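Spelled out, the chains give:
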Amino acid sequence: MYEFNYHRPGTLEAAAAALAAAEDGQVLAGGQTLIPTLKQRLASPSDVVDLGSIAGLDGVRREGESIVVGAMTRHADVASSPEVQAAIPALASLAEGIGDPQVRNCGTIGGSIANADPAADYPAAVVGLGASIRTDRRTIAGDDFFTGLFETALEEGEIIVSVSFPIPRRAAYAKFPNPASRYAIVGVMAAETSGGVRVAVTGAGDRVFRVGAMEAALAGSFSADALAGASVSADGLNEDIHAGADYRAHLVGVMARRAVAAAAG
Amino acid sequence: MAESGIGASVPRTEDQRFLTGSGDYTDDTTFPHQTHAAFVRSTHPHASFTLDTTAAASAPGVVTVLTGADLAADEIGTLICGWQVTGKDGEPHKAPPHPVLAVDTVRHVGDAIAIVVAESARAARDAAEQVEVSYAPLPAVVSMRDALADGAPQIHSDAPGNLCYDWEIGDRAATDDAFARAHHVARLDLVNNRLIPNAMEPRSAIGDFNPASGDYTLRLTSQNPHIHRLVLAAFIQIAPEHKLHVIAPDVGGGFGSKIFIYQEETAVLWAAGKIGRPVKWTADRSESFVADAHGRDHESHVELALDADGRFLGLKVSTLANMGAYLSTFASCVPSYLYGTLLQGQYTTEAIYCEVKAVFTNTTPVDALRGAGRPEATYVVERIVDQAAREMGIDAAELRRRNFIPADAFPYPTKVALEYDSGNYRLALDRALEIADYGDFAARREASSARGRLRGIGLSAYIEACGIAPSQVVGSLGAGVGLWESGGIRFNPTGNVLVYTGSHSHGQGHETTFAQLVSDYLGVPFESVEVVHGDTEKTPFGMGTYGSRSLAVGGSALVKAMDKIIAKGRKIAAFTLEASEEDIEFSGGDFAVAGTDRSMNIAEVAFSAYVPHNYPLDELEPGLEETGFYDPANFTFPAGTHVCEVEVDPETGTTEIVNWVAVDDFGNVVNPMIVEGQVHGGVAHGVGQALLEGCAYDADGQLLTGSFMDYTMPRADDLPDMTVETTCTPCPHNPLGVKGCGEAGAIAAPAAVMNAITDALGTNAIDMPATPQAVWRALSE
Ligand SMILES: Cc1cc2nc3c(=O)[nH]c(=O)nc-3n(C[C@H](O)[C@H](O)[C@H](O)COP(=O)(O)OP(=O)(O)OC[C@H]3O[C@@H](n4cnc5c(N)ncnc54)[C@H](O)[C@@H]3O)c2cc1C
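Protein chains in written order, with the numbering used here: chain A, 1 to 265; chain B, 1 to 781.
In silico negatives: residues of chain B with every beta carbon more than 12 Å from chain A:
1) I80
2) K88
3) E91
4) P97
5) S134
6) I435
7) R490
8) T596
9) N668
10) D700
11) E725
Sample of chain B residues at the chain A side, in silico, Cβ under 7 Å:
12) E651
13) T652
14) L692
15) A696
16) L704
17) M709
18) T712
It should be emphasised that the hints constitute simulated quantities derived from the structure, not laboratory data. Here the structure is a predicted model, which is why all the values come from computation and not from measurement. Even glycine gets a Cβ: it sits at the ideal position worked out from N, Cα and C.
From just these sequences and the hints, can you work out the full model?
Structure representation (structure tokens):
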């Protein structure tokens, strides 16, 4: 780790001010990505602004037909939240499947989506459930949030405050984990929402993406059978030692069918 | 059986401190005036380089920056290989110099170039980044086939063709003849994947030098502190043996990787001498991935010739073994004497021939890893046996039975230079099949198939050779060391006992097992026995722990020492009890005059020896302390059968192990619970190799699996519940009748898993690790 200035502000405004004043400031949430990156000396921010002391940034609440998850809410708290389990069990089970207990007790939803790891799970929920992201400046539609590999629509110094998930009619998440890291090689969120069917895929591409053809097939009949034979093109999908693009494309079909079967069953 | 005696599952004494974070590991120690080291490492697999250390040397907190040139100026030697293998041509293997810090040329990513010593670990690391290394990249060879190709780039000028040796064992003519007579020949190409050891505790060392006395101390993660001292003194020549104190305190796992004498520990000790202050280095996990010796990495072609009844007439094996960029401490013997000699397996195969080419590549050096050569041999034998069974339509268990060495055929001279001492292979196989309900497998397969799953069952009837010995034999095969062990017993005046062993416990539980042994043998309470190990100034010279040798060799040395204690005690008791020595019987800690009620406890004997007021001083020396050295007459040969049952999801390629049965013959067992734990751990290691762990380099020589994000270690939920049982044919040539259990699981498991998977898939077109993607591809073809 290189040296940096550490800030622990008590309010969002103070956090924003600290970031604005810093030469190269970075927000610290659960630290599950940032701390290892610092320890490996892959990042050298001038200032680290810890959100841990800002009241009101964590917790889950129901607001009308949505579940709102504060940016600092730990994965374990999403997984065990009675509100989430009752309203969007798919979201609770997705959170339960992230990493290991240590990671789930430290990592936050804000950190996860801000980081926009192409293999992270939450992006599938954000896009697959049609969520929106509230920041200290504005609200961003989930569909517009992930803009590329580790890239988001967040501006310099913008802080995520919460994520709002509209409650779907039914939804399920199916994940095929990387055997080593257990991030998603392919994860598919399939949901029937008031705004139509959504199928969002994480792990396979440079960012989460929707599969229009599957959504159209499911709009006719929300059943695994409707996806028989459906798959995606391997063109442009991720390739690494764990999974070639063709295998990932194949897994998108398998996981989509399993997600739909679970949601429909 | 006493509650704490031989055969009792005594809970491990050491676990309390390990599990509560109060162990004494190298990195836990901080010496006054301690400095910290960081290494500058090559980022290239093969390059010539020049260095500029000026900026680093003047960076804040830096004490010194030392390079290969400084080592040369101090006439410090290079790292050595301790076993010289002689090739087919009668020439010794090629062991090119392995500098402690690279000079002019680096040969693998992670090769150490310079050591930076500073007031803090961070300052050292900051400064290491300021060492300017200008690389001129050289063409690199990563795969063995590329390394052996005509015109391949040369890694060492004194190893033409990148060949370390071309070795053979067995009888080529007899084997050719067997193949000429064969009714059927089974053939397979097999890859034994490269593994990265990943002990829980990374390597760590603190060197220290006392300018007043001229004494060096090295505290480090070692499986064999005396071998470290010997090599550092005699070959690398940092300090003479009597001026070098080596301590290996609690060590968090080794699996072989902490046997070796590496660049870093050597540099730390030397640097301490140069600055006259303690120097500490602890590897971070990323360093461990590139700088700990890797394991396995074979490519083999194997052929088995059978007659019409399925009897094994001949076995032919041709293997390429990757040595990495330099020849590590025991690398040469692993794919030769620890591999080719085990190809007899449990069978009466009539003729065997094996040739091995050991090859240099621009990768991290490869050396012994849990099992070392023997997992590779079992993998070859047990895969080809299953392959033959399938091709000939003979049940895999039945084919093994037809070829087992019969229980009454021991001692059994093999075709590959060993003599098996004892065993009952059929007993273990039959028991394993019974527990695994082998007979009903077809019904289970059908039930799986109804759920869209592919089910398979695989056997592995493995053999290993432990307690590598005798010294004269291994010496004649090129070993640079003897392979005996030492043990010391010291009674204190108050009757409790210190046990000194030259073996080393780094997770195996010696503090418990050896205390049980001594408590049982000498009749002293378990709680009165303290096991001391891992310190060259406390224990007699000892060879350390590897090759499942600690109890078979180290335990036997303790028996020798205890026999001397009893002999002396008998004399003391005879004098005190006014009886003749022949009339004294020793049992349960008491020396008794036969046929009387007169007796003396061993604690009283000890007291009398230290307070010799009434003592035969004209015949006997005072004190009660003895040392034993034991050089075994032969290896020991643990063997058994493991059965693995898997279910494969053909849609994703995921394999689930649904059942595991292990029936092992370890000879007599001192602590069944510890033995079962060793089997569990060994199987986990072997399952890791078969399903998960695949070290991978890219074509340019960069390690792709350089962290746990990409290198898959087995986790609890990857493993099944296991049924572990033992059979027992005691080892006939050591006093305890024990064989060794630490590596068995790692040896047995890979073949069992792969036989089960290939059975499920109905294809052989898959190598380890059988990841979901690999299984899916095998099914797609
Ligand atoms: C061993 C391990 C296994 C893992 N497995 C998985 C897995 O299976 N699936 C998965 O999805 N994830 C996985 N993760 C990632 C983990 O889930 C965390 O979510 C992730 O590391 C980021 O969250 P964090 O709270 O730790 O953020 P931090 O590490 O603190 O921050 C990450 C990034 O987000 C920025 N940031 C944080 N909060 C905000 C905010 N409110 N507003 C703006 N920017 C912000 C930071 O500046 C930083 O750039 C794993 C991590 C580890 C270490």
